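Asker: Residue-level listing of the chains:
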Amino acid sequence: MQNQQYVTITHYKEREFYFLNYAIQTKDGFITKEIEQFHESEKEQFIERIRNLQAKYPKNQIISLSLSANQIVKDKEDPNQASARIFKENYVVQEKIDIGNIPVTLYFSPFAILYEEYKHKLDNKLTLMIGLFDRKLYIMFATEDKIHQSWTLGTRGLTEKQVADRVYKSMKAYYKISYKFADHIEMLVSDDSPKLLKVLREELSMTILPTQKTIHNLLHHMGAEQSRFVSSYIKSFLSASPQREVAATPRVDEVAPTLNETSTLEESALHSLDDIRLNSPIDSASSMNNGVSFLDKMKALFTSSSLSTEQVVESKPVNILSFLPLLFVILSGGYFSLQNTAIQDKALMLESQSYAQVNNSLLAMTAKDVFSSMGKSAELKSATISSDNIELKGVVWGIEPLRNSLNALYNDGEFVIKPLENFMTEFSFKSKV
Amino acid sequence: MVEKFKNTSIVTKILYILALILFFAWVIPSMVSYYSNVNKYEKSVNEIEKISSKYALTSEAKPFTVEAFKESAKVLFSKVDINPLSTNRYEVSIKMKREDIKSFHTFVETLSLRYLVQIDGALEFKANDEDIEAKMTLVKL
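Residue numbers (numbering that gives the first Met the number 0), protein chains in the order written: chain A, 0 to 432; chain B, 0 to 140.
A hint or two may mislead.
To be verified - Pairs of lysine to aspartate or glutamate residues, derived as EDC-like cross-links and limited to a Cα-Cα distance of at most 20 Å, are as follows: (1) Lys380(A) / Glu129(B); (2) Lys380(A) / Glu48(B); (3) Lys375(A) / Glu98(B); (4) Lys380(A) / Glu41(B).
By construction, these hints were calculated from the structure, which means they are not laboratory data. Since the model is a prediction, treat every value here as computed from it, not as a measurement.
Sequences and hints are given; from them, build the entire structure.
Answerer: In structure tokens:
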């Protein structure tokens, strides 16, 4: 008869350990068994143990908890992300579900658990609900009709005072956008943190009545009735994957009526599991191809950033490593700029040197030609030789050979002779080069 | 990768984007310009070396100094005078025997291969029966 019992198998990972538990669900509540712990190196044994339990108790749900820091509560369902409805108008949304190959049929967000725990206490006054799971604070500002804002704050490595400061800052941040302070605070802690509670009470000057429950018990409670979990578990591709043992739909249909006879057809229709949204890479890709353009993708990068900044601003300190790319770019840019300036100067100098060399060679060649053209016909007395023109003066005794020689070099030159008193002849020659 | 980026803080995102913009707008153009100038420089060096080898000059051109220039010219010619005209400009007067005019031509040809200097304007010669005096203006490069 044992195998006819409905069993909820719960597991989650905290740091490097998997924690596994199962409970026999009865009409009067659930009866939990001993918690088992597996190191992450024993993942195979851990999965094997889940499979054994599944084989032993065919009517089962395998329930786990998303401890992702980047989950947020939105007013609209995002078709590109894994989501779970927790109010009529609110959805917990996270990028995707990645739990490796560990079997899971129901996957909950701490926000859904918080809502389930305190929904009967909500009224029209603003309530701040805080859940402490695995050193993260999941914070929601809610009234009876909706969740107004949510935050996820990391507490790893922080003192209780710093954590309390962050909670206070998130309250201030919410006040800035809504001009409302929470009327009271509810806190659900999954581990024993008396000091944190004490500091929170002191810092916020408010009465906080904590509820302390283990994650396993919270998950067993969530999985106990279909009406409780039917819409609030995070819907992912895992649920619809035929080759995996996580197909939620048939199990829910099989199991739920035995536990919750009161769930009506209307409710089933309202929270129909037919809306399981596939979040597999292929489906994501096809949905992206269908409606999401490159620009949208780029926008999404920043839309997400602005939201997540608001949501988890305190838990995302700027890493010193973030400066590395910029530092690298500045250093390499500076290096190339300096080297470029240096090589430019050198190249400019060489260019000037080449130009000077050409100019000097031309002058030398012209001077050489002029001197050699004198030959034995004349003697040069003065000469001005530039790269544009030449002016020569001297004494000539072989007029025609000199004229011919100069004309051979510069055919449009002006050759003038002038007899001197001492029976010698002076010549002058002007020409453009 | 994209998810990691999405999950980073806004400051980190801004830093990454700034780095990316600087990389494409500054680093890559600087790199391209640097390597293009290196090619240009190497080409010019090869050209100068080729010309220098014609005159059997092996060393690079030195910066122009009055002392060094005067010393090297004095070896070749009878008299060398240098008068500074203004910053980086010098009037040079070289006196030589008539038969040394060929050396003077070679001296002018190779001047910029030995000193970072250039002749500005014209060469002026005055000659008598035995000597030739050449005047020129040199400008430091």
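Asker: It remains to establish, for every hint, whether it holds in the given structure.
Answerer: To see whether the hints hold, each was checked on the structure:
Distance restraint check for Lys380(A) and Glu129(B): the Cα-Cα separation of roughly 11 Å lies within the 20 Å cut-off, and the hinted pair is therefore satisfied. Between Lys380(A) and Glu48(B), the direct Cα distance comes to roughly 37 Å. Violation of the 20 Å bound is thereby established for this hinted pair. Between Lys375(A) and Glu98(B) the CA atoms are separated by roughly 14 Å; this keeps the pair inside 20 Å, and the hint holds. Between Lys380(A) and Glu41(B), the direct Cα distance comes to roughly 45 Å. Violation of the 20 Å bound is thereby established for this hinted pair.
Violation of the numbered hints given earlier is confined to hints 2, 4; the remaining hints are satisfied by the structure.
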